[in-house]
Amino acid sequence: MKITVDANGLSCPEPVLKLKKVINGAEEIELLVDSQVCVENCTRFAESKGFAVSVEGGRGQYVMTLKKA
Amino acid sequence: MKKTRSKWSVIVAGIIVGLVAVVLGHFGNPGNMQLCIACFIRDTTGGLGLQTTGPQYIRPELIGIVLGAFIISLIKKEHAPKGGSSPFTRFILGMCVMVGALIFLGCPIRMILRIAGGDLNAAVGLIGFVGGILTGVIFLNKGFSLKRSYDQPSLEGVAFPVVNVLLLILLIAAPVFIFFSEKGPGSMHPAIWISLAAGLVVGAVAQRSRLCFVSGTRDAVMFKNFWMLLCYAAILVVVLVANLITGKFKLGFADQPIAHTEWLWNILGLYLVGFGSTLLGGCPMRQMILAGSGNSDSAVTVLGFVAGAAVSHNFGLASSAAGTTPNGRIAFVICVAVVFIIAICNTKKSSAAQGVAE
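Protein chains in written order, with my numbering: chain A, -19 to 49; chain B, 36 to 393.
Treat the hints as calculated values from the structure; they're not laboratory data.
For each residue, glycine too, the CB sits at the ideal point set by N, CA and C.
Fair warning: there could be bad hints in the mix.
In silico BS3-like links for lysine-lysine, alpha-carbon gap of 25 Å or less [stated by the list, open to error]:
#1 A:1 - A:-18
#2 B:42 - A:29
#3 A:29 - B:177
#4 A:47 - A:0
Restraint-style ranges between C-beta atoms, simulated for each label pair [to be verified]:
#5 A:8 - B:255: 26 to 36 Å
#6 A:38 - B:279: 41 to 51 Å
#7 B:383 - A:38: 27 to 37 Å
#8 B:228 - A:8: 51 to 61 Å
Make a model of the complete structure from these sequences and hints.
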């Protein structure tokens, strides 16, 4: 089941904290963030948890797809 | 799209910032105060006449940092006007952080520069800084949030850089209502263009590397991510080596430049800085960078720093080489209480379901 997490407008480190709460046991997560910094921080965290990350969008609107590798 | 950046980019950023600090010190900035966001905001506040008892000089380094971040964020298409995340609370937090910084006499970057100069008072203060960050982390883990920011009109995102251009014009034009210290730290500075160029470099580098003196410790504790600590180490090593080569390194507590030896208040001052900055999501330097990149919440936070600097000097809260003041110690107690109240009131025990499928 795909989980969607909306972290738009939240400043660091809140998006990563939101992700941390749902990542254990998840297979696929759609994460919405609004800054490149959040993309980088969430990518680093997701990859450390064994997820493959792809990102779409740009300038203020990013959709990250995290899949358990 | 680049999803992460390499460890080396963070280390190189630290080396560049360290070198810039060395250059600024060489060309005239005060001892162990080659670069300090809190001190320079205090100086600028004085230059505008908003405080009349401390150093007075509109510091071009700060203008450069904001404009450097602004330009690079435009080039990299990361400039985005955002705001509306508890702006007044951020203003108050900014004031409290500045009160703490002026009790210690420096922001986190000056803490590192002071340690690199052999000032052991700053090394002691580091304990408080880390303690403050850890206190903030406790609240973050319990669900602390200043809530979401939202898209803002374009003007909101460029207003802060424009104000900084106006400050530069005032500095160069030097009309009679702009103040310039004739002696003391406010009178010690490089030529305007050197400071401005240095600021532009730091602003650009800090924007790209996401340099923040709070996030390193915070992320190491929360996410076992130790990257940013490497950046601090790089700054420390570069400035330490330069100080050893030039004979400026002096190990000890007494007679350090623009510092006092009250160890407890060095710890407590930086505790307030660490705690408040963690709740703000970044150190004073990071707030400047975000403000330059279009974040008006950070611009409001910087105004909070300005207000904090004004009251610190006008009300006799700021320390000096002679030590802390009775007013400063009372202000610390009030500010810590305020920051705790803000932390508690904005902390909601959140469930894993929150924010999911919203």
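Going through the hints against the structure:
Distance check on the hinted pair: residue 1 (chain A) and residue -18 (chain A) sit about 15 Å apart at the alpha-carbon level, within 25 Å; holds. Between residue 42 (chain B) and residue 29 (chain A), the direct Cα distance comes to roughly 18 Å. Compliance with the 25 Å bound is thereby established for this hinted pair. Distance hint between residue 29 (chain A) and residue 177 (chain B) is fulfilled; the C-alpha atoms sit about 22 Å from each other, no more than 25 Å. The hinted pair formed by residue 47 (chain A) and residue 0 (chain A) meets the criterion: a straight-line CA distance of about 14 Å does not exceed 25 Å.
Our hint of 26 to 36 Å for residue 8 (chain A) and residue 255 (chain B) holds, since their Cβ atoms are close to 29 Å apart. Between residue 38 (chain A) and residue 279 (chain B), the C-beta spacing of about 46 Å keeps the proposed range 41 to 51 Å intact. The given range of 27 to 37 Å is respected by residue 383 (chain B) and residue 38 (chain A), whose C-beta atoms sit roughly 32 Å from each other. Between residue 228 (chain B) and residue 8 (chain A) the beta carbon distance is about 53 Å. The supplied range of 51 to 61 Å therefore holds.
Violated hints: none; the structure is consistent with every hint.
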